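*Asks:* When you get a sec, could you build the whole thing from the sequences and use the hints?
One letter stands for each residue in the lines below.
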Amino acid sequence: MTATDEATPVSAATLYHQVQQFYAQQMQLLDDGRVEEWAGTFTEDGVFAANAHPEPVVGRAAITAAAARATEEYAAKGVQRRHWLGMVSVEPVDERSANARCYALVIETPRGGQAAIRVSTLCVDRLVRDGDGWLVQDRRVSRDDLA
Amino acid sequence: MTATDEATPVSAATLYHQVQQFYAQQMQLLDDGRVEEWAGTFTEDGVFAANAHPEPVVGRAAITAAAARATEEYAAKGVQRRHWLGMVSVEPVDERSANARCYALVIETPRGGQAAIRVSTLCVDRLVRDGDGWLVQDRRVSRDDLA
Amino acid sequence: MTATDEATPVSAATLYHQVQQFYAQQMQLLDDGRVEEWAGTFTEDGVFAANAHPEPVVGRAAITAAAARATEEYAAKGVQRRHWLGMVSVEPVDERSANARCYALVIETPRGGQAAIRVSTLCVDRLVRDGDGWLVQDRRVSRDDLA
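These protein sequences, in sequence, are chains A, B and C.
Residue 1 is where the first sequence starts when you use full-length UniProt numbering, and the numbers rise one by one after that.
Residue 1 is where the second sequence starts when you use full-length UniProt numbering, and the numbers rise one by one after that.
Residue 1 is where the third sequence starts when you use full-length UniProt numbering, and the numbers rise one by one after that.
Warning: the hint list may mix true and false statements.
[Claimed, not checked] List of simulated lysine to aspartate or glutamate pairs, EDC-like, C-alpha gap at most 20 Å:
| # | chain 1 | residue 1 | chain 2 | residue 2 |
| --- | --- | --- | --- | --- |
| 1 | A | K77 | B | D138 |
| 2 | B | K77 | B | D32 |
| 3 | B | K77 | C | E108 |
| 4 | B | K77 | B | E108 |
| 5 | C | K77 | A | D145 |
| 6 | A | K77 | A | D32 |
| 7 | A | K77 | A | E108 |
| 8 | C | K77 | C | E108 |
| 9 | C | K77 | C | D32 |
[As the list claims (entries may be wrong)] For the chain A half of the interface with chain B, some residues (derived, Cβ under 10 Å), not all of them:
| # | residue |
| --- | --- |
| 10 | A13 |
| 11 | Q21 |
| 12 | Y23 |
| 13 | A24 |
| 14 | Q80 |
| 15 | D132 |
[Unchecked claim] Just some of the chain A residues that point at chain B, by a computed CB distance under 10 Å:
| # | residue |
| --- | --- |
| 16 | T14 |
| 17 | Q28 |
| 18 | R82 |
| 19 | W84 |
| 20 | L85 |
| 21 | G86 |
| 22 | R101 |
| 23 | I107 |
| 24 | E108 |
| 25 | T109 |
| 26 | A115 |
| 27 | I117 |
| 28 | V119 |
Quick caveat, the hints were computed from the structure, so don't treat them as lab data.
These figures come from a predicted structure and were not determined experimentally.
The beta-carbon is built from N, C-alpha and C at its ideal position, and this holds for glycine as well.
*Replies:* In structure tokens form, the structure reads like this:
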């Protein structure tokens, strides 16, 4: 998947639907531990920056490696993560890109244990068109406890 | 309400909207204790399977009975349930059916008490068209703590 | 922003998208402490009624004042609020107005502390068209713990 120049304009309702569906599929990939497919939802040079990390993670290879480490840690602990993105606001920039701002929760459930919110965050994305879909070019996640 | 053959194709954005609205109305019926109307959001032979139950619940009569028992238990305890479905991914199968995969939380609030997450789950649905709306033909709910 | 008579009919999918986007932007304004812009998402004579308050708050000036007090209290405590609206059901009334019914959670995170659900509520809105957007004319919020 790479961003292309073939984008055609879509209505605001279609754009909003596409972003919601993209977010659902993207986070399900991460929560399922499908880390290479997760990294494939970023552009090849995609940036993942977070106020919980000293440095942004840049590029699919680094995003894959970071996700693989987290996935292994959670699997070793027997904890299922669920990333919930909601309160999504989408603003088109041009036919090939859009800005999105949403809230994101991480819900964790230990095997045999109690589900609970781990962190509440704000997520700000620059999205770019990729055929009929979207990729994250730049994501900035701010944990509310660190803000 | 029964599934009909009169379905006309809808756009991906319209399908996504219809499923979101259907899920909101469906779970509000359950949380309001309107158990027969809740059961009416399944096909007559609808299946509700969960990893928390030994056997699937099959058919509207059985779905009504199971929901009535749960509703009475919650009412007796003075607890308000809220089912939140989110991170919804919808894939059309044909003009009459679609697959959906989403996350579902159950939030509980005792009267005079503190709201909390009861369980975090994964919900996988086969949906079928019913006029302008949708019905669940098959729902599989996996609680994360039992997975 | 004031409601106008220039509304043109929109599809159900477009209406649903507009309400979701409106809710996201509206609650982000409140959570960001932008209280005058928040009050501007109600009609000039808008009503905010809640079972947690003895009287409805009526009109933008009163809504601004109430939001400013809450914002200052949270800032003084060092707590970030996030209002999550979900399970949104929207029913058009006519070309200029719609009824919406949704669930709302307030998630709170103290600086350096643990995110948690503060309250679970039911939110019932009368919305009116304002150009291409929407305003709340009447909002009724019921906290589940007080119901």
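*Asks:* Of the hints stated earlier, which fail here?
*Replies:* Violated hints: 1, 3, 22, 28; rest satisfied.
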